[in-house]
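Undergrad: Taken in order, these protein sequences are the chains called A and B. Residue numbering for the first sequence follows the working numbering, beginning at 11 and increasing consecutively. Residue numbering for the second sequence follows the working numbering, beginning at 1012 and increasing consecutively.
Simulated from the structure, these hints should not be mistaken for laboratory data. Here the structure is a predicted model, which means the values were calculated and not measured. Idealized CB from N, CA, C, for every residue including glycine. Do not take every clue at face value.
No more than 35 angstroms apart at the CA atoms, straight line, and that leaves these computed lysine-lysine pairs for DSBU-like [what the hints assert, rightly or not]:
1. Lys81/A - Lys19/A
2. Lys1056/B - Lys1013/B
3. Lys24/A - Lys80/A
4. Lys81/A - Lys24/A
5. Lys1090/B - Lys1013/B
6. Lys81/A - Lys1056/B
7. Lys67/A - Lys1053/B
8. Lys1013/B - Lys19/A
9. Lys80/A - Lys93/A
10. Lys1013/B - Lys81/A
11. Lys1053/B - Lys19/A
12. Lys19/A - Lys80/A
13. Lys67/A - Lys19/A
14. Lys80/A - Lys1053/B
15. Lys1056/B - Lys80/A
16. Lys1090/B - Lys1056/B
17. Lys80/A - Lys67/A
18. Lys67/A - Lys1056/B
19. Lys67/A - Lys1013/B
20. Lys1053/B - Lys1013/B
21. Lys93/A - Lys81/A
22. Lys1053/B - Lys93/A
23. Lys67/A - Lys81/A
24. Lys1056/B - Lys93/A
25. Lys1013/B - Lys93/A
26. Lys24/A - Lys93/A
27. Lys1053/B - Lys1090/B
28. Lys24/A - Lys67/A
29. Lys93/A - Lys19/A
30. Lys1056/B - Lys24/A
31. Lys1013/B - Lys24/A
32. Lys1053/B - Lys81/A
33. Lys19/A - Lys1090/B
34. Lys19/A - Lys1056/B
35. Lys93/A - Lys67/A
36. Lys24/A - Lys1053/B
Residues of chain B placed beyond 10 angstroms of chain A at every Cβ, according to the derived structure [as the list claims (entries may be wrong)]:
37. Glu1026
38. Ser1063
39. Arg1070
40. Leu1085
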Amino acid sequence: DGGITQSPKYLFRKEGQNVTLSCEQNLNHDAMYWYRQDPGQGLRLIYYSQIVNDFQKGDIAEGYSVSREKKESFPLTVTSAQKNPTAFYLCASGQGLVDEQYFGPGTRLTVT
Amino acid sequence: RKEVEQDPGPFNVPEGATVAFNCTYSNSASQSFFWYRQDCRKEPKLLMSVYSSGNEDGRFTAQLNRASQYISLLIRDSKLSDSATYLCVVDPSGSARQLTFGSGTQLTVLP
Chain A
11 DGGITQSPKY
21 LFRKEGQNVT
31 LSCEQNLNHD
41 AMYWYRQDPG
51 QGLRLIYYSQ
61 IVNDFQKGDI
71 AEGYSVSREK
81 KESFPLTVTS
91 AQKNPTAFYL
101 CASGQGLVDE
111 QYFGPGTRLT
121 VT
Chain B
1012 RKEVEQDPGP
1022 FNVPEGATVA
1032 FNCTYSNSAS
1042 QSFFWYRQDC
1052 RKEPKLLMSV
1062 YSSGNEDGRF
1072 TAQLNRASQY
1082 ISLLIRDSKL
1092 SDSATYLCVV
1102 DPSGSARQLT
1112 FGSGTQLTVL
1122 P
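Chain A on its own, in the form it takes in the complex (with noise of 0.2 angstroms):
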């Protein structure tokens, strides 16, 4: 059945560790967005790409790379220049325009 999947649901790194977080959809959108939320605030944007090989930026993007090269995937990597990367980070898809976006369930990760 048609999903958005990210792995893994937590992670854990060390200060200084670059990580990536996957996120994968079946459902044949063309718009792919991350989103990090902090505990008590609502999501914020990181990078959004609405067609492959193409991604923008959005308004918390220091610290992040992505990379769009497949429809289906959209990985996240969280580089050591964030400079507080713990986090729950949202992964979500869209048909582009004017359509809603659909989550993934997320993965949870904890800088130390």
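Based on the hints, put chain B in the right spot on chain A.
TA: Same frame as chain A, now just chain B:
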């Protein structure tokens, strides 16, 4: 002023009660509006889109007031399973490129 503002709550209501949440947005050019539901430590799930004419889905009614720049969500006959955080979401550009999320309103329905 935040782009999307919600009362964080918590709202604690007895089962069977009617509860309403409001959300205000700052960008008068905003085009699309949504309510999402988020259970504790889970991903947000789309509850309903909000149309200019208002819309209803079972016990849930959403309304948009463009003049006052707010949207509302009404839940009738609350169930225990309605306990969650409700996120107000606005697409300021109409492109779904940059949805803006409110911080959420926490609802607990008590037996």
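Undergrad: Give a verdict on every hint.
TA: Now the hints, each set against the structure:
Note on Lys81/A and Lys19/A: the hinted pairing holds, with a Cα-Cα distance of about 22 angstroms set against a maximum of 35 angstroms. A distance of roughly 23 angstroms separates the Cα atoms of Lys1056/B and Lys1013/B; the hinted pair therefore holds under the 35 angstroms criterion. Of the supplied pair hints, the one linking Lys24/A and Lys80/A holds, its CA atoms being roughly 29 angstroms apart against a limit of 35 angstroms. Of the supplied pair hints, the one linking Lys81/A and Lys24/A holds, its CA atoms being roughly 31 angstroms apart against a limit of 35 angstroms.
Between Lys1090/B and Lys1013/B, the direct Cα distance comes to roughly 31 angstroms. Compliance with the 35 angstroms bound is thereby established for this hinted pair. Distance check on the hinted pair: Lys81/A and Lys1056/B sit about 22 angstroms apart at the alpha-carbon level, within 35 angstroms; holds. Restraint check: the Cα-Cα separation between Lys67/A and Lys1053/B comes to about 25 angstroms, which is no more than 35 angstroms; the hinted pair holds. For the hint linking Lys1013/B to Lys19/A, the alpha-carbon distance of about 31 angstroms falls within 35 angstroms, and the restraint holds.
With a CA separation close to 29 angstroms, the supplied pair Lys80/A and Lys93/A stays within the 35 angstroms bound. Of the supplied pair hints, the one linking Lys1013/B and Lys81/A holds, its CA atoms being roughly 34 angstroms apart against a limit of 35 angstroms. Taking the CA atoms of Lys1053/B and Lys19/A, the gap is near 11 angstroms; set against the 35 angstroms cutoff, the hint holds. With a CA separation close to 22 angstroms, the supplied pair Lys19/A and Lys80/A stays within the 35 angstroms bound.
Among the hinted pairs, Lys67/A with Lys19/A is consistent with the structure: their alpha-carbon atoms are about 24 angstroms apart, no more than 35 angstroms. Taking the CA atoms of Lys80/A and Lys1053/B, the gap is about 26 angstroms. The hint holds against a cut of 35 angstroms. For the proposed pair Lys1056/B and Lys80/A, the alpha carbon gap of about 25 angstroms is at most 35 angstroms, so the pair holds. For a cut-off of 35 angstroms, the pair hint linking Lys1090/B to Lys1056/B stands: about 18 angstroms separates their Cα positions.
For the given pair, Lys80/A sits about 18 angstroms from Lys67/A by alpha-carbon distance, which is consistent with the 35 angstroms threshold. Taking the CA atoms of Lys67/A and Lys1056/B, the gap is near 24 angstroms; set against the 35 angstroms cutoff, the hint holds. Restraint check: the Cα-Cα separation between Lys67/A and Lys1013/B comes to about 20 angstroms, which is no more than 35 angstroms; the hinted pair holds. Taking the CA atoms of Lys1053/B and Lys1013/B, the gap is near 24 angstroms; set against the 35 angstroms cutoff, the hint holds.
Annotation: proposed proximity of Lys93/A to Lys81/A holds, straight-line Cα distance about 30 angstroms (limit 35 angstroms). Distance check on the hinted pair: Lys1053/B and Lys93/A sit about 24 angstroms apart at the alpha-carbon level, within 35 angstroms; holds. Note on Lys67/A and Lys81/A: the hinted pairing holds, with a Cα-Cα distance of about 18 angstroms set against a maximum of 35 angstroms. Between Lys1056/B and Lys93/A the CA atoms are separated by roughly 29 angstroms; this keeps the pair inside 35 angstroms, and the hint holds.
For the given pair, Lys1013/B sits about 23 angstroms from Lys93/A by alpha-carbon distance, which is consistent with the 35 angstroms threshold. In summary, the hint linking Lys24/A to Lys93/A is supported, as the alpha carbons are separated by about 13 angstroms, within the 35 angstroms threshold. Our distance criterion of 35 angstroms between C-alpha atoms is met by Lys1053/B and Lys1090/B, whose separation comes to about 19 angstroms. Between the alpha carbons of Lys24/A and Lys67/A the distance comes to roughly 26 angstroms, so the proposed pair stays at or under 35 angstroms and holds.
For a cut-off of 35 angstroms, the pair hint linking Lys93/A to Lys19/A stands: about 22 angstroms separates their Cα positions. With a C-alpha separation of about 31 angstroms, the suggested pairing of Lys1056/B with Lys24/A holds against the 35 angstroms cut-off. Note on Lys1013/B and Lys24/A: the hinted pairing holds, with a Cα-Cα distance of about 34 angstroms set against a maximum of 35 angstroms. Straight-line distance between C-alpha atoms of Lys1053/B and Lys81/A comes to about 25 angstroms, which keeps the hinted pair within the 35 angstroms bound.
A C-alpha spacing of about 29 angstroms is found between Lys19/A and Lys1090/B, which places the hinted pair at or below 35 angstroms, so the restraint holds. Taken as a hint, the Lys19/A and Lys1056/B pair is honoured in the structure, with Cα atoms around 17 angstroms apart against an allowance of 35 angstroms. Straight-line distance between C-alpha atoms of Lys93/A and Lys67/A comes to about 17 angstroms, which keeps the hinted pair within the 35 angstroms bound. Simply put, Lys24/A and Lys1053/B have alpha-carbon atoms about 24 angstroms apart, close enough for the 35 angstroms limit, and the pair holds.
Every beta carbon of chain A lies more than 10 angstroms from that of Glu1026/B, the smallest distance being close to 26 angstroms; the non-interface claim holds. Non-interface status of Ser1063/B relative to chain A is upheld: no Cβ of that chain comes within 10 angstroms, the nearest being about 14 angstroms off. At the 10 angstroms boundary, the C-beta of Arg1070/B stays outside the reach of chain A, the nearest C-beta of that chain being 20 angstroms off. Remark: the non-interface label on Leu1085/B is consistent with the geometry, its nearest Cβ contact in chain A lying 20 angstroms away (cut-off 10 angstroms).
Hint compliance for this structure: every hint is met.
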